[in-house]
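Trainee: Read off the chains here:
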Amino acid sequence: MSESTISVTLEVWRQPGTDAAGRFETYQLDGVSTDSSFLEMLDMLNQKLLTEGKEPVAFEHDCREGICGSCGFVINGNPHGPDRGTTVCQLHMRRFKSGAKLTLEPWRAKAFPVLRDLMVDRSAFDKIMAAGGYNSVNVGNAPDANSIPIGQDAASEAFDAAACIGCGACVAACKNASANLFTSAKIGHLAMLPQGQPERYTRTVAMLDMAEDLGFGACSWTQECEAACPKEISVKWISRAQRDYVKGRVVKGI
Amino acid sequence: MSWLKRTLSSSSGRKWLVALSGLGLILFLVIHLLGNLQIFLPDESFNEYAHHLHDGLLIVIGDVGLLVLFPLHIGLVIWLARENRKARGATGYKAPMTATKQKRSFARVLASKTTLYIGLVLLVFVAIHVWQFRLHHSEIGNLRGAILETLANPMWAIFYVLGSLATGWHVFHGFQAAFRSLGFTHNRFTPALVNLGTALALLFAIGFSSIALWIVIAQPHI
Ligand code: FES
Chain S
-15 MSESTISVTL EVWRQPGTDA AGRFETYQLD GVSTDSSFLE MLDMLNQKLL TEGKEPVAFE
45 HDCREGICGS CGFVINGNPH GPDRGTTVCQ LHMRRFKSGA KLTLEPWRAK AFPVLRDLMV
105 DRSAFDKIMA AGGYNSVNVG NAPDANSIPI GQDAASEAFD AAACIGCGAC VAACKNASAN
165 LFTSAKIGHL AMLPQGQPER YTRTVAMLDM AEDLGFGACS WTQECEAACP KEISVKWISR
225 AQRDYVKGRV VKGI
Chain X
5 MSWLKRTLSS SSGRKWLVAL SGLGLILFLV IHLLGNLQIF LPDESFNEYA HHLHDGLLIV
65 IGDVGLLVLF PLHIGLVIWL ARENRKARGA TGYKAPMTAT KQKRSFARVL ASKTTLYIGL
125 VLLVFVAIHV WQFRLHHSEI GNLRGAILET LANPMWAIFY VLGSLATGWH VFHGFQAAFR
185 SLGFTHNRFT PALVNLGTAL ALLFAIGFSS IALWIVIAQP HI
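Chains as they are written, first to last, in this note's numbering: chain S, -15 to 238; chain X, 5 to 226.
Everything labelled a hint here was simulated from the structure, so no lab data went into it.
Note that this is a predicted model, so its numbers are computed, not measured.
You may find that some hints are simply not true.
Below, simulated DSS-like cross-link-like pairs (lysine-lysine); rule was C-alpha separation at most 25 angstroms, straight line [unchecked claim]:
| # | chain 1 | residue 1 | chain 2 | residue 2 |
| --- | --- | --- | --- | --- |
| 1 | X | Lys98 | S | Lys159 |
| 2 | S | Lys32 | S | Lys111 |
| 3 | X | Lys98 | S | Lys111 |
| 4 | X | Lys117 | S | Lys32 |
| 5 | X | Lys117 | S | Lys215 |
| 6 | S | Lys220 | S | Lys111 |
| 7 | S | Lys111 | S | Lys215 |
Please take these sequences and the hints and turn them into a complete structure.
Mentor: This is the structure we're talking about:
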């Protein structure tokens, strides 16, 4: 395939710091290779801004291969852009037509304050994890593989939830800025496995309560989170976490 | 009641109670529709049904049930909705959030995002409806006649058709969402429940509005 180039108009949220006021700035960018990734296109924009003596656009990124969960912002209303099952670092400019106008905004949630431009503080997710997203029993050295037999079905279903990279797209997509998909995926993969059983209900209650305390909303079943999730994690985990939560509260008296 | 306090203290617990009360209200709607459809019967059977209902235990269970379920459902939803609204933060999105990557049908996505507001419409509808045919007609001599007379007025007929459609729309999203909130999810049964919810939504929308439409169009004799 021959390389071609396109022009795009970018409307980018610029905010110098958490407490500073933000606003949209519009940039015109020509000669963008259709083979470049979305983040490479932003690199190109930043190069241009630097040579003009302007502040580059801050955005978070690390692996650029869709596995770390660092990247992510909203493109024309869609977290991670228009494609399903992809992070913004894996989105390519061939996806857009020349002359496209793209509005880039950071994740919007009270619990995710903007640090700068398109970068938000997602440490709220760390707090949810710290509330119970682990097993507290120290098992010493790595045990023999298969010393605890786990069926293939359970293992692969647990992996579906464990595929969550914590990017925050679920929160960004939800009309309630709910962290339920993230939280329930983290609850869910441990609930599928024998190692997760002893703390199953205390974990579920603690993590969901923490998410609420941090200011994330509740679930209205609009299912936008699942559609926005780069790992396409199912909303069934929210339902399962809900079941364990109520069981924990009502039956187990937590 | 400590379990109730614990449950109410969290949004997950509140969602659970919203789901339970919602399903209770749907059960009421099924019974209500079955009763109402007797208005199509020619003679006095509707009035007899109304009399039996009012003399029996069912009306007490219904009244008490509705007095508990309705305020519970609405109150908890408003409580949740206020928190949900705050969760977005001070700055919302510029790009319209109508953008979606969902593969579900347009109607389903729309229903999931509008059910809350349709619920507020229903609140007004139900208040007028209860006043009109329950409180205002505390003496139920000829309820059928009163209904036929009211709905012969096209304005009231339209009001009731819109109310019926709103009910259907609310149930269209609410029924399946309730099971999800209760923690019920299953590869095969969840799609079946989604379909059952659609069937119930159509049943309520068509069933209730058919009464108003029949009366305003056919103008049956009282
Ligand atoms: S940069 Fe790692 S997932 Fe995008």
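Trainee: All the hints need checking, so say for each whether the structure fits it.
Mentor: Hints, one by one, checked against the model:
no. : hint                : in the structure
1   : X:Lys98 x S:Lys159  : holds (14 angstroms)
2   : S:Lys32 x S:Lys111  : violated (38 angstroms)
3   : X:Lys98 x S:Lys111  : violated (29 angstroms)
4   : X:Lys117 x S:Lys32  : violated (41 angstroms)
5   : X:Lys117 x S:Lys215 : holds (23 angstroms)
6   : S:Lys220 x S:Lys111 : holds (23 angstroms)
7   : S:Lys111 x S:Lys215 : holds (22 angstroms)
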